[in-house]
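Chains A and B supply the protein sequences, listed in that same order.
What the first sequence shows, in the working numbering, is residues 1 to 302, in sequence order.
What the second sequence shows, in the working numbering, is residues 1 to 256, in sequence order.
I should point out that these hints are in silico values taken from the structure, not numbers from a laboratory.
Careful, some of the hints might be misleading.
What the hints assert, rightly or not - Partial pick of chain B residues on the chain A-facing surface, computed with a CB cut under 7 Å:
#	residue
1	ALA53
2	VAL181
3	TYR194
4	ASP211
Unchecked claim - Below are the DSBU-like pairs computed for lysine-lysine, each with C-alpha atoms no more than 35 Å apart in a straight line:
#	chain 1	residue 1	chain 2	residue 2
5	B	LYS91	B	LYS234
6	A	LYS239	B	LYS188
7	A	LYS234	B	LYS188
8	A	LYS287	B	LYS234
9	A	LYS239	B	LYS91
10	A	LYS239	B	LYS156
Built from N, CA and C at the ideal position, the CB exists for glycine as well.
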Amino acid sequence: MSIISCRELSKRYGKVEALRSVSFGVEGGELFGVIGPDGAGKSTLFRILTTLLRADSGQATVEGLDVVRDCRAIRSRIGYMPGRFSLYQDLSVEENLHFFAAMFHVTVRENYALVRDIYRQLEPFRARRAGNLSGGMKQKLALCCALIHKPSVLLLDEPTTGVDPVSRRELWEMLARLRQQRITIVVSTPYMDEALRCDRIALMREGAFLKIETPEGIIAQFPQTLWSVQGDPKYRLLKDLRRHEDVIAAYAFGDAHHATVRSERITPLQLEENLKMLGYLNVEVKKIQPTIEDCYMQLTGT
Amino acid sequence: MPSNSHTFYPPAADAQPLSVYTERLTKRFGSFTAVDAITFSVAQGEIFGFLGANGAGKTTAMRMLCGLSKPTSGCAVVAGYDVARYPEKVKQSIGYMSQRFSLYEDLKVWENIRLFAGIYGMGKKVIASKTEQTLAELGFEAERNTLVKALPLGWKQKLAFSVAIFHEPEVVFLDEPTGGVDPATRRKFWELIYQAAERGITVFVTTHYMDEAEYCDRVSIMVDGRIEVLDTPKALRQRLNAPSMDVVFQRTVEKP
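Please work from the sequences and hints to get the whole structure.
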């Protein structure tokens with residue numbers, strides 16, 4: 001049985017349809033990612049699952065409990081880390097942790113094992129006010145506070161937004177360790193490269209799920225041929241690629257451009273020759289595996 | 001590895017003019033040194049990526065470069081003006097946009113443009129003609145009278161960028177301009193940056209997306225108030241034997 005189950009959830013704010021009939025299930029012990037840009041509806045979904053917001057229609061259950069009827073019972077079973085830093089800025093690190101434990105009628109001592117690995121990194125700062133922590137440390141403390149009542153389901157809404165790449169990686173490593181302890185985790189992120197850390201992901205846009213799959217499955221289902229195209233100068237190259245009759249779409253991806261091509265009409269070598277003729281230097285064209293970003297862009301028709 | 005932060009390299013005589021230039025720029029808050037004697041320069045028309053871990057001092061350094069915060073010691077010259085002596089001149093010569101600094105949500109698209117252009121002292125006629133041009137370039141003609149709050153996020157960001165460079169500043173500072181937008185919009189936004197740089201506007205940008213760091217002409221990575229490395233993305237990848245800027249970042253920030 002799914003630990004989290006949603007059927008045709010919809011939510012509207014005035015004219016804006018924040019959720020459009022979203023259905024999905026999350027299995028026990030799964031690390032499930034909700035991937036999409038700002039405004040896709042991720043936070044609305046999280047707020048419904050955490051019983052903080054009522055859907056207009058549809059149903060959602062967590063461990064078989066209904067998010068509306070059984071909201072109180074659900075709250076002690078879930079840990080929630082909202083998108084915005086939500087701890088008490090004027091309490092110390094230690095005080096925040098004890099406060100959240102007390103709210104759930106537990107002690108830090110009885111559940112310490114669950115947060116030990118993370119909290120150890122915060123120990124040197126335990127007397128510091130939460131408001132004076134660095135971004136990465138704040139995230140760690142928020143995660144400890146979300147875990148201290150030993151929830152079986154953890155919901156994290158954009159825990160890595162605005163966080164530097166090193167702290168982001170640390171957070172994902174912490175989530176991987178929690179998953180080993182059979183905690184079910186639902187996490188949202190706008191960073192598509194993080195999708196690969198999840199067991200399954202939902203790609204979300206404008207209130208709807210475009211696809212629910214394993215990251216590998218989404219990449220395998222990419223329907224077009226994708227080439228990486230390098231050459232200098234880069235920006236002019238991008239504009240010329242878009243003008244090329246055998247190129248369907250081209251976008252800048254880090255140090256190379258990614259182009260979807262009509263591969264029945266041209267080979268990488270031929271495109272390389274075309275570009276050299278146009279005067280580009282350091283030209284290199286090769287077939288590549290799409291990234292999740294390529295897949296998202298393909299699915300959203302851009 | 002030698003650090004760039006304490007060595008001053010004067011520009012060569014035939015070098016391009018500099019839009020940003022600092023020498024041992026420092027900011028202390030009490031006993032805490034947020035920015036520790038950083039020395040670097042950015043050439044006119046360059047796209048410069050200013051990277052670093054959270055809390056490394058990027059925001060403090062940017063605030064000094066924008067004339068919003070006085071250096072404790074050292075100096076910085078932006079668009080030809082010393083930031084400590086002529087902060088108002090600096091502010092007039094730069095543009096600024098951040099992820100969270102949005103436009104006025106309850107004003108229409110054209111009203112936002114007029115407001116910001118007016119604040120920068122542009123004349124009515126210039127504003128009117130340039131507004132047409134900007135709306136056409138963005139493909140926003142039909143949205144002229146739309147309230148900004150009704151625009152999708154990606155459009156807001158494009159508009160915010162156009163407003164930030166509307167008065168043709170010498171330098172535009174972009175503080176995490178693309179946070180949270182979808183991948184296609186993020187890339188289209190970067191094409192606006194390329195266009196601005198082609199027109200000679202210097203772009204000084206912070207980001208947490210390491211693929212965006214690859215689009216910059218040069219990048220610096222700040223660690224604990226200092227500029228730990230500064231070079232082209234390609235040279236940094238080669239020097240640290242790293243396949244991507246993501247790995248360059250990890251290795252630079254995590255050095256013991």
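Hints versus structure:
1. For B:ALA53, the shortest C-beta to C-beta distance to chain A is roughly 4 Å, which falls under 7 Å, so the interface hint holds.
2. Among the interface hints, the one on B:VAL181 holds; its C-beta lies about 5 Å from the nearest C-beta in chain A, closer than the 7 Å criterion.
3. For the restraint placing B:TYR194 at the interface with chain A, the shortest Cβ-Cβ distance is roughly 4 Å, inside the 7 Å limit, so the hint holds.
4. Hint status for B:ASP211 relative to chain A: holds, with the closest Cβ pair at about 4 Å, below 7 Å.
5. This hinted pair checks out: B:LYS91 and B:LYS234 have alpha carbons roughly 33 Å apart, not beyond 35 Å.
6. Among the hinted pairs, A:LYS239 with B:LYS188 is consistent with the structure: their alpha-carbon atoms are about 12 Å apart, no more than 35 Å.
7. Annotation: proposed proximity of A:LYS234 to B:LYS188 holds, straight-line Cα distance about 14 Å (limit 35 Å).
8. For the hint linking A:LYS287 to B:LYS234, the alpha-carbon distance of about 21 Å falls within 35 Å, and the restraint holds.
9. A threshold of 35 Å between alpha carbons decides the hint, and for A:LYS239 with B:LYS91 the separation of about 34 Å falls inside it, so the pair holds.
10. Restraint check for A:LYS239 and B:LYS156: satisfied, since their Cα atoms lie roughly 24 Å apart, inside the 35 Å limit.
In terms of the numbered hints stated before, the structure departs from none.
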